[in-house]
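Engineer: Could you slot chain L onto chain A? The hints should help.
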Amino acid sequence: MVQYQPSRLDASFAALSDATRRGVLERLGRADASISDLAEAFRMTLTGMRKHVRVLEEARLVTTEKVGRVRTCRLGPHRLADETAWLEEYRRLWNERFDELDKVVEEQLWKERLDDRNDDE
Amino acid sequence: MTATTTNESASVTSGATVDRTSDRELVVTRTINAPARIVFDAWTKPELFQRWWVPRSMPMRLVTCEMDVRVGGGYRLVFDYDGSTFEFFGKYIEVTPPSRLAWTNDEGGGEQVTTVTFDERDGRTHLTIHDLYPSKEALDRAIASGSTGGLPEQLEQLDELLATLDTSEA
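Residue numbers (our numbering), protein chains in the order written: chain A, 1 to 121; chain L, 1 to 170.
Some clues are possibly wrong.
[What the hints assert, rightly or not] 20 angstroms max Cα-Cα, derived EDC-like pairs, lysine to aspartate or glutamate:
{"id": "1", "chain 1": "L", "residue 1": "LYS136", "chain 2": "L", "residue 2": "GLU111"}
{"id": "2", "chain 1": "L", "residue 1": "LYS91", "chain 2": "L", "residue 2": "GLU66"}
{"id": "3", "chain 1": "L", "residue 1": "LYS45", "chain 2": "A", "residue 2": "GLU65"}
{"id": "4", "chain 1": "L", "residue 1": "LYS45", "chain 2": "A", "residue 2": "ASP102"}
{"id": "5", "chain 1": "A", "residue 1": "LYS66", "chain 2": "A", "residue 2": "ASP102"}
{"id": "6", "chain 1": "L", "residue 1": "LYS45", "chain 2": "A", "residue 2": "GLU107"}
{"id": "7", "chain 1": "L", "residue 1": "LYS45", "chain 2": "L", "residue 2": "GLU94"}
{"id": "8", "chain 1": "L", "residue 1": "LYS136", "chain 2": "L", "residue 2": "ASP23"}
{"id": "9", "chain 1": "A", "residue 1": "LYS103", "chain 2": "L", "residue 2": "GLU87"}
{"id": "10", "chain 1": "L", "residue 1": "LYS45", "chain 2": "A", "residue 2": "ASP115"}
{"id": "11", "chain 1": "A", "residue 1": "LYS111", "chain 2": "L", "residue 2": "GLU47"}
{"id": "12", "chain 1": "A", "residue 1": "LYS103", "chain 2": "L", "residue 2": "ASP41"}
{"id": "13", "chain 1": "L", "residue 1": "LYS45", "chain 2": "A", "residue 2": "GLU106"}
{"id": "14", "chain 1": "A", "residue 1": "LYS103", "chain 2": "L", "residue 2": "GLU120"}
{"id": "15", "chain 1": "L", "residue 1": "LYS91", "chain 2": "L", "residue 2": "GLU47"}
{"id": "16", "chain 1": "L", "residue 1": "LYS45", "chain 2": "L", "residue 2": "GLU66"}
{"id": "17", "chain 1": "L", "residue 1": "LYS45", "chain 2": "L", "residue 2": "ASP68"}
{"id": "18", "chain 1": "A", "residue 1": "LYS111", "chain 2": "L", "residue 2": "ASP41"}
{"id": "19", "chain 1": "A", "residue 1": "LYS103", "chain 2": "A", "residue 2": "ASP119"}
{"id": "20", "chain 1": "L", "residue 1": "LYS136", "chain 2": "A", "residue 2": "GLU26"}
{"id": "21", "chain 1": "L", "residue 1": "LYS91", "chain 2": "L", "residue 2": "GLU107"}
{"id": "22", "chain 1": "L", "residue 1": "LYS91", "chain 2": "L", "residue 2": "ASP106"}
{"id": "23", "chain 1": "L", "residue 1": "LYS45", "chain 2": "L", "residue 2": "GLU87"}
{"id": "24", "chain 1": "A", "residue 1": "LYS111", "chain 2": "A", "residue 2": "GLU96"}
{"id": "25", "chain 1": "L", "residue 1": "LYS91", "chain 2": "L", "residue 2": "ASP23"}
{"id": "26", "chain 1": "L", "residue 1": "LYS91", "chain 2": "L", "residue 2": "GLU111"}
{"id": "27", "chain 1": "L", "residue 1": "LYS45", "chain 2": "A", "residue 2": "ASP37"}
{"id": "28", "chain 1": "L", "residue 1": "LYS45", "chain 2": "A", "residue 2": "GLU112"}
Hints in this document: simulated from the structure, not taken from any laboratory.
Here chain A stands alone, though its shape is the one from the complex (with noise of 0.2 angstroms):
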């Protein structure tokens, strides 16, 4: 089991239940882009957009820098590294799905052998 520190994890998780951020982060993934970029593209108002970079932020799911007049915003340091990461990731997921899918199964079974004997009697 992994080590965290709930209080990011908190943040983190509120910062991804909104679907404009989740929207924010999607686009993020394709291109760098600045708040007004964002604001429009989201058909939002400059504070609005600035509110939802703030909770990203602070959740490092993004980072900004400012140049001159633009805050431009690109995915944080919680973005997995690459695509094979990724996928080893999903693979452990469903792994563990799939141990408790046996155990269901196994039960399943049992039950089955029952009723079958039940049945003879």
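Structural biologist: Just chain L now, kept in the frame of chain A:
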């Protein structure tokens, strides 16, 4: 691009394989030690499905699990994380017990389809979970943002966070 494990010994239950089989497809496979009808039940009966779908390492609960398993029938899964709920839904587009099951994933507004095949051989079932994304960009984007098809996006992201926190907080 693959992240498969090879099972050296075929006698024990092997781990899952995950492959990106094309620009817009992801495939997960695993062999289950039971006949297809039993495995199919575990995917289509809510009381069984909810016992295994949420990985134990995730601090999530599946609080609602509705499945109207027939062509055109809908499903709805509601997850709870610390008081916040997340809903996932779609429709079954193919139901052929005990060998084939397909549904749409409609919560994202895209046209992502998951197809599960149950291939029984010698009393064991070879499971294949196939996720078809509407485009290469859609799958690339899912990977870039940490979400994954066929699975609740938030769960994926949470899981990814747990994994990355482990290294970045050290």
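Engineer: Can you give the numbers of the hints that this structure goes against, from lowest to highest?
Structural biologist: 3, 5, 9, 19, 24, 25 and 27
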